[in-house]
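Undergrad: Protein chains in written order, with my numbering: chain A, 1 to 116; chain B, 1 to 114.
Since the hints were made in silico from the structure, they are not lab data. One or more of the hints may lead you astray.
Unchecked claim - Each computed BS3-like pair below joins lysine-lysine, with the alpha-carbon atoms no more than 27 Å apart: (1) A:LYS41 to B:LYS106; (2) B:LYS49 to A:LYS41; (3) B:LYS77 to A:LYS40; (4) A:LYS36 to A:LYS18; (5) B:LYS106 to B:LYS49; (6) A:LYS36 to B:LYS106; (7) A:LYS40 to A:LYS22; (8) B:LYS77 to B:LYS49; (9) A:LYS52 to B:LYS77; (10) A:LYS40 to B:LYS101; (11) A:LYS41 to B:LYS77.
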Amino acid sequence: ETGVTQTPRHLVMGMTNKKSLKCEQHLGHNAMYWYKQSAKKPLELMFVYNFKEQTENNSVPSRFSPECPNSSHLFLHLHTLQPEDSALYLCASSQRPGGQFYNEQFFGPGTRLTVL
Amino acid sequence: GDSVTQMEGPVTLSEEAFLTINCTYTATGYPSLFWYVQYPGEGLQLLLKATKADDKGSNKGFEATYRKETTSFHLEKGSVQVSDSAVYFCALSTGGGSNYKLTFGKGTLLTVNP
Numbered sequence: 001e002t003g004v005t006q007t008p009r010h011l012v013m014g015m016t017n018k019k020s021l022k023c024e025q026h027l028g029h030n031a032m033y034w035y036k037q038s039a040k041k042p043l044e045l046m047f048v049y050n051f052k053e054q055t056e057n058n059s060v061p062s063r064f065s066p067e068c069p070n071s072s073h074l075f076l077h078l079h080t081l082q083p084e085d086s087a088l089y090l091c092a093s094s095q096r097p098g099g100q101f102y103n104e105q106f107f108g109p110g111t112r113l114t115v116l
Numbered sequence: 001g002d003s004v005t006q007m008e009g010p011v012t013l014s015e016e017a018f019l020t021i022n023c024t025y026t027a028t029g030y031p032s033l034f035w036y037v038q039y040p041g042e043g044l045q046l047l048l049k050a051t052k053a054d055d056k057g058s059n060k061g062f063e064a065t066y067r068k069e070t071t072s073f074h075l076e077k078g079s080v081q082v083s084d085s086a087v088y089f090c091a092l093s094t095g096g097g098s099n100y101k102l103t104f105g106k107g108t109l110l111t112v113n114p
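Pulled out of the complex, with its shape left as it was, chain A reads as follows:
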């Protein structure tokens, strides 16, 4: 595997289910990100992890729970979601963010989530 991979690619769940999204990066990066992509809206940054430490929680509801066990893996645990949470969830990684220069973010293909 190369780049950033995400599983599953598609997920349909009921509002009472618990599921998890997985992201893995094979680029040796130190930072990982979760984004939400909804139709007709800009990408929304949800969480940032830098060296496994969460450095950003962009006012995300607690029904979304991230986990970053190491610099290569990132999870998004989902429970009691709402239909409006249906979206494409994108994972990205980069070298350590911050400093003067931009570190390019590499994106995975996303998980298409449908909440019934």
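Guided by the hints, dock chain B onto chain A, whose structure is given.
TA: This is chain B only, laid out in the frame that chain A set:
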């Protein structure tokens, strides 16, 4: 706060036509500017970037110039191909610190017909 405004799509062109997708921004400080592209079924890929005023980013025949005076970063290509059909996102970052953010526009869908 920071924001990016890009032209509403969809944009439909014939092959070999000239492409312009407008992007303007508001930001505190001196942002870096980017264009990302999302092909069907894939994640976003960085297309080009510019990190200071008057810089021109270019890649795969696409160009964009960082215009501080007009706070713009318009994407252009002289002759589009069917394979350029995708969603294009303009983005900015003010960088710095440990909380690094990209602020994206809503995206512009481009369809190129043979």
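Undergrad: The structure should be examined with respect to each hint, and the outcome stated for every one.
TA: Right, here's what the structure says about each hint:
1. Our distance criterion of 27 Å between C-alpha atoms is met by A:LYS41 and B:LYS106, whose separation comes to about 5 Å.
2. Of the pairs offered as hints, the one joining B:LYS49 and A:LYS41 holds, with about 22 Å between alpha carbons and a cut-off of 27 Å not exceeded.
3. Restraint check for B:LYS77 and A:LYS40: the C-alpha separation of about 24 Å stays at or below 27 Å, so the hint holds.
4. Among the hinted pairs, A:LYS36 with A:LYS18 is consistent with the structure: their alpha-carbon atoms are about 18 Å apart, no more than 27 Å.
5. Annotation: proposed proximity of B:LYS106 to B:LYS49 holds, straight-line Cα distance about 18 Å (limit 27 Å).
6. For the given pair, A:LYS36 sits about 12 Å from B:LYS106 by alpha-carbon distance, which is consistent with the 27 Å threshold.
7. The hinted pair formed by A:LYS40 and A:LYS22 meets the criterion: a straight-line CA distance of about 25 Å does not exceed 27 Å.
8. Between B:LYS77 and B:LYS49 the alpha-carbon distance is near 15 Å, which keeps this suggested pair within the 27 Å criterion.
9. With a CA separation close to 40 Å, the supplied pair A:LYS52 and B:LYS77 exceeds the 27 Å bound.
10. Between the alpha carbons of A:LYS40 and B:LYS101 the distance comes to roughly 20 Å, so the proposed pair stays at or under 27 Å and holds.
11. About 25 Å separates the Cα atoms of A:LYS41 and B:LYS77, which keeps this hinted pair within 27 Å; it holds.
Violated hint: 9 only; the structure is consistent with all others.
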